[in-house]
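Turn these sequences into a full structure, and let the hints guide you.
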Amino acid sequence: MQQAILKYLLSSVLLLVTLSTYAQEEGVTADSLRKIRKPTGLRIGTDLIALGKTIFDNPLTGWELNADMDFGRYYLAVDYGSWSRKDSLRNGYYDSDGRYWRLGVDINFLTSDPDKNMVFIGFRYGHSSFDEYLTYDTPVDDFGNIQTDIANSNAKAGWVEMTTGLRVKIWKPIWMGYTGRMKLFPVVKGSDEIKTYEIPGYGKTSKAVYWGFNYQIFYMIPLKKQK
Amino acid sequence: MRFVQVIAFFLLLAGCLNEPDCIITSTNLVKINFKKDSKTPREITFTKINVSGLEKDFYVEQKATAVQLPVDPESIESTFTFYFEGRTETMHLTYVKESEVISVNCGAYTNYSGLAIPETTFELFNITNRKLLLNATSNIEVFIE
Numbered sequence: 003m004q005q006a007i008l009k010y011l012l013s014s015v016l017l018l019v020t021l022s023t024y025a026q027e028e029g030v031t032a033d034s035l036r037k038i039r040k041p042t043g044l045r046i047g048t049d050l051i052a053l054g055k056t057i058f059d060n061p062l063t064g065w066e067l068n069a070d071m072d073f074g075r076y077y078l079a080v081d082y083g084s085w086s087r088k089d090s091l092r093n094g095y096y097d098s099d100g101r102y103w104r105l106g107v108d109i110n111f112l113t114s115d116p117d118k119n120m121v122f123i124g125f126r127y128g129h130s131s132f133d134e135y136l137t138y139d140t141p142v143d144d145f146g147n148i149q150t151d152i153a154n155s156n157a158k159a160g161w162v163e164m165t166t167g168l169r170v171k172i173w174k175p176i177w178m179g180y181t182g183r184m185k186l187f188p189v190v191k192g193s194d195e196i197k198t199y200e201i202p203g204y205g206k207t208s209k210a211v212y213w214g215f216n217y218q219i220f221y222m223i224p225l226k227k228q229k
Numbered sequence: 008m009r010f011v012q013v014i015a016f017f018l019l020l021a022g023c024l025n026e027p028d029c030i031i032t033s034t035n036l037v038k039i040n041f042k043k044d045s046k047t048p049r050e051i052t053f054t055k056i057n058v059s060g061l062e063k064d065f066y067v068e069q070k071a072t073a074v075q076l077p078v079d080p081e082s083i084e085s086t087f088t089f090y091f092e093g094r095t096e097t098m099h100l101t102y103v104k105e106s107e108v109i110s111v112n113c114g115a116y117t118n119y120s121g122l123a124i125p126e127t128t129f130e131l132f133n134i135t136n137r138k139l140l141l142n143a144t145s146n147i148e149v150f151i152e
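Residue numbers (the working numbering), protein chains in the order written: chain X, 3 to 229; chain U, 8 to 152.
All clues given are correct.
Here are some, though not all, of the chain X residues that point toward chain U, as calculated from beta-carbon distances under 8 Å:
no., residue
1, D89
2, R92
3, N93
4, Y96
5, T140
6, V142
7, D143
8, D144
9, I148
10, I152
11, D194
12, E195
13, Y199
Each computed DSSO-like pair below joins lysine-lysine, with the alpha-carbon atoms no more than 30 Å apart:
no., chain 1, residue 1, chain 2, residue 2
14, X, K197, U, K138
15, U, K138, U, K63
16, X, K197, U, K38
17, X, K191, U, K138
18, U, K138, X, K206
19, X, K158, U, K138
20, X, K209, U, K138
Please keep in mind that the hints were generated in silico from the structure rather than gathered at the bench.
Computed from a predicted model, the values in this text were never measured in an experiment.
Ideal Cβ placement from N, Cα and C applies to all residues, glycine included.
See the structure below:
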């Protein structure tokens, strides 16, 4: 466990070093976007990895919508998604289905880029509402084979995320990018009879730190004319 | 700097590839140690022990200082009845069950915890571990002269 925590910390530090060095290499000295300003556009996108998993990874189906709006170098970011897993276990079956949202802020390190490309770090608060169902058989000495059926309906969960990533203007209103997420401190409110296996939007609860990755495509709706 | 980026990327991947260990330590067996005092075991010659929900008798005509008895996996309470040395003693147990999926390959299992003794005819007892685990040395200590 300690090794894993050390590994996560080390990778986080290396990522931050990489980001800050990248920003310095770009020669970011201008402060044109450093102040909080009126938004110039609303970017709406979707996660291509979630769509790919839905097509190619049978147990998991889902989609995710992403949106952000610029306030100078600060971006208000909102995500909304659906996540469903139907998985056969070694001794049973697990089913979960839920919706989730995330809300947070990204800070752009490329403060003088005229295209407003982004190298960013940020944070999110995530919230999920979901149902899960578990059925399994266990052989128990003297009692025989015991079948257990458990449902956890209307469960809620919350967590926090540290994010980092890129946004690059590909063509006119089209943007692409990725978001790496370090998800932390999941808290579940639900049935005491089942330990939640997977939180939609977070991932498996057995991991104290869970990594997520989105590869996204965006469409920018301008809110005011660019000079 | 490109080297640092590559290293960071692979460390990230390594974090993603950790799978939980397929080790199940949970059990439905309660371990009861019989003692004269906190340090001295008490050997008991059992006539038999009954467990609620089971026809089978346990420890029939056996000597032991400790016993392992199963709680009912389909209930949240069980009663043990001990027949020994011309005495009959009962112990009513309650517990909490929690189902957990380890992984797709390891499957699901049941955790037993929150062990309590709301009723017993034994005069002196001590709950030493409220979780039922394979590697636990004792869950309950019963003191008998």
